[in-house]
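Put chain C on the given structure of chain H with help from the hints.
Which chain is which? The protein sequence lines are H and C, in order.
Take 1 as the starting number for the first sequence in the numbering used here and just add one per residue.
Take 1 as the starting number for the second sequence in the numbering used here and just add one per residue.
If you're looking for bench data, these hints aren't it; they were derived computationally from the structure.
Fair warning: this is a prediction, and the values are worked out from it, not measured in the lab.
Warning: the hint list may mix true and false statements.
Stated by the list, open to error - No more than 27 Å apart at the CA atoms, straight line, and that leaves these computed lysine-lysine pairs for DSS-like:
{"no.": "1", "chain 1": "H", "residue 1": "K78", "chain 2": "H", "residue 2": "K57"}
{"no.": "2", "chain 1": "H", "residue 1": "K42", "chain 2": "C", "residue 2": "K81"}
{"no.": "3", "chain 1": "H", "residue 1": "K78", "chain 2": "H", "residue 2": "K42"}
{"no.": "4", "chain 1": "C", "residue 1": "K68", "chain 2": "C", "residue 2": "K57"}
{"no.": "5", "chain 1": "C", "residue 1": "K81", "chain 2": "C", "residue 2": "K105"}
{"no.": "6", "chain 1": "H", "residue 1": "K42", "chain 2": "C", "residue 2": "K57"}
{"no.": "7", "chain 1": "C", "residue 1": "K68", "chain 2": "C", "residue 2": "K109"}
{"no.": "8", "chain 1": "C", "residue 1": "K109", "chain 2": "C", "residue 2": "K57"}
{"no.": "9", "chain 1": "C", "residue 1": "K105", "chain 2": "H", "residue 2": "K78"}
{"no.": "10", "chain 1": "H", "residue 1": "K78", "chain 2": "C", "residue 2": "K68"}
{"no.": "11", "chain 1": "H", "residue 1": "K57", "chain 2": "H", "residue 2": "K42"}
{"no.": "12", "chain 1": "C", "residue 1": "K76", "chain 2": "H", "residue 2": "K42"}
{"no.": "13", "chain 1": "H", "residue 1": "K57", "chain 2": "H", "residue 2": "K83"}
{"no.": "14", "chain 1": "C", "residue 1": "K105", "chain 2": "H", "residue 2": "K42"}
Stated by the list, open to error - Part of the chain C face toward chain H, derived, beta carbon under 8 Å:
{"no.": "15", "residue": "A39"}
{"no.": "16", "residue": "A42"}
{"no.": "17", "residue": "P43"}
{"no.": "18", "residue": "F45"}
{"no.": "19", "residue": "Y48"}
{"no.": "20", "residue": "L87"}
{"no.": "21", "residue": "Q97"}
{"no.": "22", "residue": "L98"}
{"no.": "23", "residue": "W100"}
{"no.": "24", "residue": "G101"}
{"no.": "25", "residue": "A102"}
A virtual CB, placed ideally from N, CA and C, is assigned to each residue, including glycine.
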Amino acid sequence: EPEVTQTPSHQVTQMGQEVILRCVPISNHLYFYWYRQILGQKVEFLVSFYNNEISEKSEIFDDQFSVERPDGSNFTLKIRSTKLEDSAMYFCASLSPGGAAGELFFGEGSRLTVL
Amino acid sequence: GQNIDQPTEMTATEGAIVQINCTYQTSGFNGLFWYQQHAGEAPTFLSYNVLDGLEEKGRFSSFLSRSKGYSYLLLKELQMKDSASYLCAARLDSNYQLIWGAGTKLIIKP
Numbered sequence: 001e002p003e004v005t006q007t008p009s010h011q012v013t014q015m016g017q018e019v020i021l022r023c024v025p026i027s028n029h030l031y032f033y034w035y036r037q038i039l040g041q042k043v044e045f046l047v048s049f050y051n052n053e054i055s056e057k058s059e060i061f062d063d064q065f066s067v068e069r070p071d072g073s074n075f076t077l078k079i080r081s082t083k084l085e086d087s088a089m090y091f092c093a094s095l096s097p098g099g100a101a102g103e104l105f106f107g108e109g110s111r112l113t114v115l
Numbered sequence: 001g002q003n004i005d006q007p008t009e010m011t012a013t014e015g016a017i018v019q020i021n022c023t024y025q026t027s028g029f030n031g032l033f034w035y036q037q038h039a040g041e042a043p044t045f046l047s048y049n050v051l052d053g054l055e056e057k058g059r060f061s062s063f064l065s066r067s068k069g070y071s072y073l074l075l076k077e078l079q080m081k082d083s084a085s086y087l088c089a090a091r092l093d094s095n096y097q098l099i100w101g102a103g104t105k106l107i108i109k110p
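One chain only, chain H, in its complex shape (with noise of 0.2 Å):
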């Protein structure tokens, strides 16, 4: 079954450090969204991209936040200058062509440690 895939699974970095985050998207899926989530909080969205163009940004996705899909197959997130708030799990997600059914499918995710 074809599957989102993320890496890191987990970065430990030092604050100010900038950060790339990855994800391979499913191939033929056409919407792209990153996520995070705060250790014991609600799951928060960042941004949405589609068409190589961010769609769709929350208030959190600030100027020190940018995505890229660099070859066509990876979507990365990138954290410019990274800060302890930063901390989080970070989801990718995906969705088909076809998805008026709903399912995004979310990629194991990637753990961010800001020290």
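Just chain C, lined up with the frame of chain H:
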């Protein structure tokens, strides 16, 4: 503003039935999702309701009332592996910007 409410925690007995409620107030509404999330893992899709009524899928059923801003997830014949958090999420528009509830932690006892 956007708001989704669901109970923080529920306890049920193996083999029994449990109903997890969710109420929402959102600007724009295009469907209601239920996801299951085991600790440290990604959410996995359970159901999606966009029309009023009950959708049944094996041991799990989900109900939606758009006029009341209300949904529930019904789990039958509970198994120990059903111990997890159950997340209610509202789709605001066609763009899948989901607004998530905080999740209901379901504890199954033998």
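Evaluated hints:
1. A C-alpha spacing of about 14 Å is found between K78 of chain H and K57 of chain H, which places the hinted pair at or below 27 Å, so the restraint holds.
2. Straight-line distance between C-alpha atoms of K42 of chain H and K81 of chain C comes to about 22 Å, which keeps the hinted pair within the 27 Å bound.
3. Note on K78 of chain H and K42 of chain H: the hinted pairing holds, with a Cα-Cα distance of about 21 Å set against a maximum of 27 Å.
4. Taking the CA atoms of K68 of chain C and K57 of chain C, the gap is about 23 Å. The hint holds against a cut of 27 Å.
5. Between the alpha carbons of K81 of chain C and K105 of chain C the distance comes to roughly 13 Å, so the proposed pair stays at or under 27 Å and holds.
6. Under the criterion of a C-alpha separation no larger than 27 Å, the hint pairing K42 of chain H with K57 of chain C is consistent with the structure, at around 25 Å.
7. For the proposed pair K68 of chain C and K109 of chain C, the alpha carbon gap of about 32 Å is over 27 Å, so the pair is violated.
8. A hinted pair counts as satisfied when its Cα atoms are at most 27 Å apart, and K109 of chain C with K57 of chain C qualifies at roughly 23 Å.
9. For the suggested pair K105 of chain C and K78 of chain H, the alpha carbons sit about 31 Å apart, so the restraint of at most 27 Å is broken.
10. Proposed proximity of K78 of chain H and K68 of chain C is contradicted: the alpha carbons are some 40 Å apart, above 27 Å.
11. Between the alpha carbons of K57 of chain H and K42 of chain H the distance comes to roughly 17 Å, so the proposed pair stays at or under 27 Å and holds.
12. Simply put, K76 of chain C and K42 of chain H have alpha-carbon atoms about 25 Å apart, close enough for the 27 Å limit, and the pair holds.
13. Proposed proximity of K57 of chain H and K83 of chain H is supported: the alpha carbons are some 19 Å apart, at most 27 Å.
14. As the CA atoms of K105 of chain C and K42 of chain H are separated by approximately 12 Å, the hinted pair is consistent with the 27 Å bound.
15. Hint on A39 of chain C is violated. Least Cβ distance to chain H is approximately 10 Å, over the 8 Å limit.
16. Because the smallest distance between the Cβ of A42 of chain C and any Cβ of chain H comes to about 4 Å, under 8 Å, the interface hint for this residue holds.
17. The criterion of a C-beta within 8 Å of any C-beta in chain H is met by P43 of chain C, whose closest approach is roughly 6 Å, and the hint holds.
18. The beta carbon of F45 of chain C is positioned within 8 Å of a beta carbon in chain H (closest approach about 5 Å), and the interface hint is therefore held.
19. Residue-level restraint check for Y48 of chain C holds (minimum Cβ-Cβ distance to chain H is 4 Å; threshold 8 Å).
20. Checking L87 of chain C against chain H: minimum C-beta separation of about 7 Å stays under 8 Å; hint holds.
21. Taking 8 Å as the C-beta contact cut-off toward chain H, the hint placing Q97 of chain C at the interface holds, the least distance being around 5 Å.
22. Evaluation of the L98 of chain C hint against chain H yields a held restraint, the C-beta minimum of about 6 Å falling below 8 Å.
23. A least Cβ separation of about 4 Å between W100 of chain C and chain H falls short of the 8 Å threshold, and the interface hint therefore holds.
24. Interface hint at G101 of chain C: satisfied, since its Cβ lies 7 Å from the closest Cβ of chain H, which is below the 8 Å cut-off.
25. With its C-beta approaching chain H no nearer than about 5 Å, A102 of chain C sits inside the 8 Å limit, and its interface hint holds.
Hint violations for this structure: numbers 7, 9, 10 and 15, all remaining hints satisfied.
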